[in-house]
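Peer 1: Residues per chain are reported as follows:
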Amino acid sequence: MRPGRIALRQNFLSHYGRQLGTLSGLVALSLVLWALSPHFLTVSNLLNIAEQATIISIVAVGMTFVIITGGIDLSVGSVLAFSGVVMASALQRGVPLPLALASGLGVGLACGAVNGLLITVGRLPPFIATLGMMSVARGTALMFTEGRPISGFSENFRWFATGEVLRVPASVVIMICVYAVAHFVLRRTKLGRYTYAIGGNEEAALLSGVGVRAYKTLVYGIAGLLSGLAAILLTARLNSAQPIAGMMYELDAIAATVIGGTSLLGGEGTVAGTLVGALIMAVLRNGLNLLGVSSFIQQIVIGSVIIVAVLIDMALKRRGK
Amino acid sequence: MKKGLMLTLLLALSVTFMSCQRGGGGAGGTASNGAPRIAFVMKTANNPFFIEMQKGAEAEAKKLGVELVVQAAEREVDVEKQMQIVENLIQTRVAALCVTPSGSREIVPAVNKANAAGIPVVIVDTRVDAKALADAKGRVATFIGSDNYEGGKLAGEFIAKSLNGKGKVAILEGIPGHETGDSRIRGFREALKASPGIEIVASQTANWERDQGFNVFQNILQSHPEVQAVFACSDLMALGALEAIAAAKKTGQIMVVGFDASDEARAAVTKGTMGATVAQSPAQMGALAVENAYHLIKGEPIKEEIVVPIKLITKENAGSSNPGK
Amino acid sequence: MLNIITNYNSILAHIPDTMHTNIFLGREPTRAPGVIDQRAIFRAAARALEDLGLSLDPRTPVKALRVAEQQMVEVAKALSLDARVLIMDEPTAALTEHEIRELFATIRRLKGKGVSVVYISHRMEELFEIGDRVTVLRDGRTVGTYDVRATDKSELIRLMVNRELTDLFPKEHAARGAEALRVEHLSTEGGLKDVSFSLHRGEILGVAGLLGAGRTELARAIFGLDKLTAGAIYVGGEARRIGSPRAAIDAGLGFLTEDRKGQGLVLPLSVRENLCLSSVDKFTKWGVVDSAREREAANRYVKELRIRTPSLDQKVVYLSGGNQQKVVLSKWLCSEAEVFIFDEPTRGVDVGAKAEIYQLMNRLTASGVAIIMISSEMLEVLGMSDRVLVMRAGRIAGEFSAAAATQENILQCALGE
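Residue numbers (my numbering), protein chains in the order written: chain A, 9 to 329; chain B, 867 to 1191; chain C, 2 to 418.
Read the hints as simulated data drawn from the structure, not as lab findings.
Since the model is a prediction, treat every value here as computed from it, not as a measurement.
For glycine and all other residues, C-beta sits at the position ideal for the given N, C-alpha and C.
A couple of the hints might just be wrong.
[As the list claims (entries may be wrong)] One-sided and incomplete, this derived list gives chain B residues near chain A with beta-carbon spacing under 7 Å:
1) Gln950
2) Arg971
3) Glu1109
[Stated by the list, open to error] Label-pair distances were calculated between CB atoms; the ranges are:
4) C:Ala65 to A:Glu211: 20 to 30 Å
5) B:Lys1164 to A:Thr50: 24 to 34 Å
6) A:Gly311 to C:Glu98: 56 to 66 Å
7) C:Ala65 to A:Arg156: 54 to 64 Å
8) B:Gln1119 to A:Pro133: 43 to 53 Å
9) B:Ala1114 to A:Ser302: 35 to 45 Å
10) A:Ser143 to B:Glu940: 20 to 30 Å
Let the sequences and hints guide you as you build the complete structure.
Peer 2: Here it is, written out as structure tokens:
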């Protein structure tokens, strides 16, 4: 083989080998479920799974960006709830739909940006800054609504949950768009390049003229913005915005990201992997429901799959070297 | 190597699924043996109240010879997970669906989906918000539950009588926006209106949880040490409050009234550390839910609302058996 | 017992612990199970340090020690284990001349006590000073073992590279051009005090000094990493406010840091991504990177500098030290730097790659680039500089022309004698 071709192959494997590992895990899981339940492999169930995966998977995109920079964002679930109730109350007060949506997204972006500033300007560890935001955003959401859910929205707004584009649920289409854009941003743009560089070696990035503070803040802002987008979809789906929505979503999002091969140390990871990770979790939950497995055993299975997936991923990574 | 790992994963998963598969399998609304399949989605599987309900439902299913699939979200308040479970069970085309909604309004989209799939819905324990349901043009076959308002009233009357119409009381609320908790509080406040000498000094949520019941009541005791009685919207919160009272070395000085009449609460009432608890009959609810679902499958008419009797358990009758059993 | 001492930033340095707990880390004497006998540790640690002739309080946090002292702590640790064989891997890489003297004295004392030492080093002169026998390895194979008295430096180098390096420092003097950089009265909180000098195109300005003399601080100040408390920087005769590395890069500066892996490269990224990191803007339109143009540029530098890599997409972590250094160098070439600051450019680089880096410096100066070269290797400073600045305690202690500079007068100036 010509050396060029060997290089190309190496390149392909090093870029996609790990996702292929996770993807084959997803396929294997699906095969098992297909064998066990006649209801699993139907068009309606697959769309059902995709729809159920949308919210966590969109939150997980933001998480992937943050984790690639070597950080973590524990506030995504609370920010989701906060954006949701602000948008919902705007809708109920008769604010035009685009403005209401913008208010929800704006709240998400603002919370994320505050996280970013606390981390970059305030020099707080991301874990602490976002832990604080997790509580502040949750509390503000509860205070804002006096603890009560806000529900009942127009059909126009509910389109996000009930609408279809070419027979595919609108929320799934939105999710696909988010992933396409995120993939492009990470692979092809300056922002993406800098995101990896900051996570790979923050000091080297700084010394190479990367505006580390600005870009890190931007990345946390993106995570907040995507929580806001997820809030729109969740609120439409439940026809209700709850101040207690999104609890533990941060952990699901982290799990999806890590299963997808993103290193918690930063500098590495892809959104394609994260999508597969989010789908693995959704397929697993769906399959366990279809099979009527008790909720206690479900938790054991899900936890075990997370551990096994990451173990396999690490083994593949070691072999990759 | 890679293949070996994949194979191991596959094997491990298969084993897990096989061993978990009890009660699963079968196509359509009927199980492999031809019996109709009923799904029962509860708020949670780790609250004594719902454990009782599950037992009642399972006993009834066995009696009727139907197959019952019971599922619950990991956390009681997780409306989105509950919705996912309902969606997934709709995929298995169960013949009927019984649900205890995690959210009175948030359950409506799930009801819509069941309607669209032609699966009849039996609502248990927590009412669906009537307006939200009407707005969404959703249909539920029946509601089976206790009269929570009446239960709250019973608790209020009991406290008013015990305090001789005079004193300070506190309330531990459930999660705001929950129809059950809200009704109980409305009933409780209504009963106290008859005794103007009684003042409600604090009313705070402990989110249905025992540890929060402990903390919240401990805090209330700090700010209102003179509190003489507390009404908790569930036994779990009441038991938490009881611990807080014990920690403050005030056992016996503050009257605690709970709701649900769980075994532990009954024992506390017998012992005298707790004043009373309102007995719902979760087991009876579960049984009635399955029974009525069965009627629906057979195409038989059922009532639009079925009220399960409620009564106050005090020291006098705490020993008697649960009416639902 | 065998014990290994390495140069690279001993693990200990990262543990915010005191010396005495460090020396006994993992095998603490206990009074009861699980209860550490602090006093016994303290006494034993004090004894171990004393044996080495170190007058240090065992309670000092390891982090607060100089690198040389940290190494001594590791030696103390080894001795307290009754090690019979010590392996020292590049122990002097981060040490000053004076500290090296101390280390060698310690090694001789250990030798006297019957401890055997395997001493791994790139520095030839050290081998001849401290070694009894020398083993040459090349490509993972033993080339041979020789008595140090029976061989010499050029023979060893020939064995190592398998080709005669006629001249280790192929210095070519380039034409001295216009002023490239001038700093006036620079002071920083980091300890720089009133530093002024100028640098011309085509010139290599060596900066010598002991560890902690403020050489790296000087580089950081010029590159916008440390805030100036006083002074001004002129690039190409123009006053520039340099408040960040970005501003420094835009002004035409490039900084090859001493810690290549820690500060120079983003290890998980590819050769191409590293190479273009400081000049992404050049290839970016509307925020999107034109990867075709980027590849083209990267390819040019890989060819020009003969970076040995299977592809542009190889992660730099898998490259050898010399090739990594070339990637960092290319990064600055790519961002069109005209003033380069090299901080310890050949540290951790093998002899062959070293020569290549010197050649590159020659080519840079020939093309009109100005270079500040900070180095602890005296021979390198003497061999490559057009002028030598000597720093001491944050100030410029002296300046020598290439002709006037000798090892002796530089060292004297650095020590302040």
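Peer 1: Determine for every hint whether it applies to the structure shown.
Peer 2: Hints versus structure:
no.	hint	verdict
1	Gln950	holds (5 Å)
2	Arg971	holds (4 Å)
3	Glu1109	violated (24 Å)
4	C:Ala65 to A:Glu211: 20 to 30 Å	holds (22 Å)
5	B:Lys1164 to A:Thr50: 24 to 34 Å	holds (27 Å)
6	A:Gly311 to C:Glu98: 56 to 66 Å	holds (58 Å)
7	C:Ala65 to A:Arg156: 54 to 64 Å	holds (56 Å)
8	B:Gln1119 to A:Pro133: 43 to 53 Å	holds (46 Å)
9	B:Ala1114 to A:Ser302: 35 to 45 Å	holds (39 Å)
10	A:Ser143 to B:Glu940: 20 to 30 Å	holds (21 Å)
Violated hints amount to a single one, hint 3; each of the other numbered hints is respected by the structure.
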